[in-house]
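Trainee: If you read the protein sequences in the order shown, they are chains V and A.
Using UniProt numbering, the first residue of the first sequence is number 1, and each one after it goes up by one.
Using UniProt numbering, the first residue of the second sequence is number 1, and each one after it goes up by one.
Here are some chain A residues pointing at chain V (derived, C-beta under 8 Å):
1. A226
2. E227
3. G317
No lab work stands behind these hints, which were simulated from the structure alone.
We treat Cβ as the ideally placed atom computed from N, Cα and C, and that holds for glycine.
2 protein chains.
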Amino acid sequence: MTILQKKQYEPLTVETAVNLTKELDLFPENSILSCREIGDGNLNYVFHITDSINEKGIIIKQALPYAKVVGESWPLTLKRSTIETNALKKHGEFVPQLVPEVYHSDEDLAITVMEDLSHLTIAREGLIKGQSYPKLSSHIGEYIARTLFSTSDFALHPFEKKRLAVEFSNPELCKITEDLIFTDPFFDHETNDFEPELREDVEAIWKNNALKLEAAKLKLSFITDAEALLHGDLHTGSIFASETETKVIDPEFAFYGPIGFDIGLFIGNLFLHAVSREEAHRAVIFEHIENTWTVFHSVFSELWEQSNLEVYTKVEGYKEYILQKIFSDTLGFAGCELIRRTIGLSHVKDLDGIADKDKRIAAKKQALALGEALILNRNKWNSLTVAITLLGEKTA
Amino acid sequence: MTILQKKQYEPLTVETAVNLTKELDLFPENSILSCREIGDGNLNYVFHITDSINEKGIIIKQALPYAKVVGESWPLTLKRSTIETNALKKHGEFVPQLVPEVYHSDEDLAITVMEDLSHLTIAREGLIKGQSYPKLSSHIGEYIARTLFSTSDFALHPFEKKRLAVEFSNPELCKITEDLIFTDPFFDHETNDFEPELREDVEAIWKNNALKLEAAKLKLSFITDAEALLHGDLHTGSIFASETETKVIDPEFAFYGPIGFDIGLFIGNLFLHAVSREEAHRAVIFEHIENTWTVFHSVFSELWEQSNLEVYTKVEGYKEYILQKIFSDTLGFAGCELIRRTIGLSHVKDLDGIADKDKRIAAKKQALALGEALILNRNKWNSLTVAITLLGEKTA
Numbered sequence: 001m002t003i004l005q006k007k008q009y010e011p012l013t014v015e016t017a018v019n020l021t022k023e024l025d026l027f028p029e030n031s032i033l034s035c036r037e038i039g040d041g042n043l044n045y046v047f048h049i050t051d052s053i054n055e056k057g058i059i060i061k062q063a064l065p066y067a068k069v070v071g072e073s074w075p076l077t078l079k080r081s082t083i084e085t086n087a088l089k090k091h092g093e094f095v096p097q098l099v100p101e102v103y104h105s106d107e108d109l110a111i112t113v114m115e116d117l118s119h120l121t122i123a124r125e126g127l128i129k130g131q132s133y134p135k136l137s138s139h140i141g142e143y144i145a146r147t148l149f150s151t152s153d154f155a156l157h158p159f160e161k162k163r164l165a166v167e168f169s170n171p172e173l174c175k176i177t178e179d180l181i182f183t184d185p186f187f188d189h190e191t192n193d194f195e196p197e198l199r200e201d202v203e204a205i206w207k208n209n210a211l212k213l214e215a216a217k218l219k220l221s222f223i224t225d226a227e228a229l230l231h232g233d234l235h236t237g238s239i240f241a242s243e244t245e246t247k248v249i250d251p252e253f254a255f256y257g258p259i260g261f262d263i264g265l266f267i268g269n270l271f272l273h274a275v276s277r278e279e280a281h282r283a284v285i286f287e288h289i290e291n292t293w294t295v296f297h298s299v300f301s302e303l304w305e306q307s308n309l310e311v312y313t314k315v316e317g318y319k320e321y322i323l324q325k326i327f328s329d330t331l332g333f334a335g336c337e338l339i340r341r342t343i344g345l346s347h348v349k350d351l352d353g354i355a356d357k358d359k360r361i362a363a364k365k366q367a368l369a370l371g372e373a374l375i376l377n378r379n380k381w382n383s384l385t386v387a388i389t390l391l392g393e394k395t396a
Numbered sequence: 001m002t003i004l005q006k007k008q009y010e011p012l013t014v015e016t017a018v019n020l021t022k023e024l025d026l027f028p029e030n031s032i033l034s035c036r037e038i039g040d041g042n043l044n045y046v047f048h049i050t051d052s053i054n055e056k057g058i059i060i061k062q063a064l065p066y067a068k069v070v071g072e073s074w075p076l077t078l079k080r081s082t083i084e085t086n087a088l089k090k091h092g093e094f095v096p097q098l099v100p101e102v103y104h105s106d107e108d109l110a111i112t113v114m115e116d117l118s119h120l121t122i123a124r125e126g127l128i129k130g131q132s133y134p135k136l137s138s139h140i141g142e143y144i145a146r147t148l149f150s151t152s153d154f155a156l157h158p159f160e161k162k163r164l165a166v167e168f169s170n171p172e173l174c175k176i177t178e179d180l181i182f183t184d185p186f187f188d189h190e191t192n193d194f195e196p197e198l199r200e201d202v203e204a205i206w207k208n209n210a211l212k213l214e215a216a217k218l219k220l221s222f223i224t225d226a227e228a229l230l231h232g233d234l235h236t237g238s239i240f241a242s243e244t245e246t247k248v249i250d251p252e253f254a255f256y257g258p259i260g261f262d263i264g265l266f267i268g269n270l271f272l273h274a275v276s277r278e279e280a281h282r283a284v285i286f287e288h289i290e291n292t293w294t295v296f297h298s299v300f301s302e303l304w305e306q307s308n309l310e311v312y313t314k315v316e317g318y319k320e321y322i323l324q325k326i327f328s329d330t331l332g333f334a335g336c337e338l339i340r341r342t343i344g345l346s347h348v349k350d351l352d353g354i355a356d357k358d359k360r361i362a363a364k365k366q367a368l369a370l371g372e373a374l375i376l377n378r379n380k381w382n383s384l385t386v387a388i389t390l391l392g393e394k395t396a
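All chains should be modelled from the sequences, with the hints used to inform the complete structure.
Mentor: Right, here's the structure in full:
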């Protein structure tokens, strides 16, 4: 009882989490509730509460006031819980079928109470196990197009856009991205983490002035281009999926940034997964990569045609200019993601999980080479096929 | 007494303005004060209070809760007074010699109490009278470079930059610019205002798809590129000057936007003034135009070299990329200013004040042609000399 009234932050336990659901009347009277903490404990608690009588469940996610990064704890704003709740709700206005429903939130407790998605699996885990998600790229293409177009200056009154940009100002979590994606991997920084076998490739990156110049431009774009309300961390670990369903979770990095960033991170993670596979099993992932852009392009264009708010959307060539800018950004951001997930602080299981060392190193080298090519050629390439072909050639 | 304690907004009168200065102890005991309201009454009151004994003066500027635009009053946020005060103070940290000192401010009364600059003249007025301001472009080049570099991501910690971006969120005044500079003049909109003799040129603008496409890009840049804390309205009417001194006033449009906007507005207004002059008297203005960019470039480069905050500033080619982007934006924004001051809602006295109708129309046609050329060629031209030469050829 006291939890809601006091509203003083304290980490929940399985007991207080269950008490909270009772206070909130989230389950029927006759429920028999059980609760497990299923988070990784680094950044957040995630309580899964289930009712064995009515076969219903909910999730309570609580932000912890610290993050375990670089081997030690550092303080991290609890405000990210509010950002996450508000981003889920805002994006849910446009794609309710693609995000979990939020039942309740409490800013002081830094909690979000939401839909139980335990019938789905995390896309990264499933892909690694060879699971097939035929709808994944269509759903994500639609998610990106609808959430980003609908929160951009092409769809919102300028007052509302700027109000949201202030509401979603997210300096602390943006800084993590600025450092770990855009800066540290391109310099000999202590946060970097890679096998000795990659040192030669990594040092080549650190010495590649042309590449660093493009990384600098991409970092600046991330920092200054307030185009739309991004998810901000749209990798395959932020997506629950099944054969028919897709749900995007964890938008605690949400802020107003460049539209290509969400697409680039998603496509970058599909590329990371593709290089982790034997060549014979890559085709389905390549199809997802191309389809993500195709669906995004199609839905974004459709929304653009319907827009009556910005008079310039009727000017010939403007849509093409915007989509070209987004495409170029997408390739660049995807390239940064490939590099940082290979040699930076935060790796992906797709690559690190390859047991055979030679194969693992070969896949990582391929990820680095593709990352560089995406960054350097982002203004030249006009389709993702070129990137895919490059990968095919290199593995052939 | 009650004014400060109640803190309830009401428009000041000459009496309450004097009372306020007494409360604030801004003059010595033995002062004999007189007060005049010297504003134009459209947007703000400006009280000039002088002490005849000690020959000191101060200015109290008070925002009014409405603006007279499009022939009628519409409500306008008093928050602009806070924005103005805070921008004067923030910019004053970097160029105290180039902005008025702020003695006091009151958010509830929407007032800024500041340095009396009545020994100077408004640059636009002086230029029209043929006055010479030999320091004008050097001072403004320095003002722009120091205020904008120092509030950018190249000089500030990301937390501080993003805190300021939120503090200076300025949707209402930005919308005025979005409409009156970037949109209405390029379409047949009711706010436009031009002589019948210009109709053919104006209709050519409305039909020029290539031009409108570039205007769309510039508008989007204004809205989304949060690069630095701009003045936001840096025309020659926002500058007090003498032969030796320059002070930039009225930053109520301040917000985080593209660096080229401030430079473009200033240079655009110098171009507007140049075309209003007989050809024989333009050289000094052309020198100011070139010198503004030269000084900006030099001071910005110097600050860049000193910066140790953004590691990418050491990457070869990055400074040149940034300065090229700023230069291209500058030309484009200058072009928009030339067009909107000629056919949009808000004109300049430089052009409208030309008594001879044929000369006035000729000057305005030249302003429009130059505006278009600046917008269309902004990515091709690599110096302002090209624009100046174009003007020379056209008048020859």
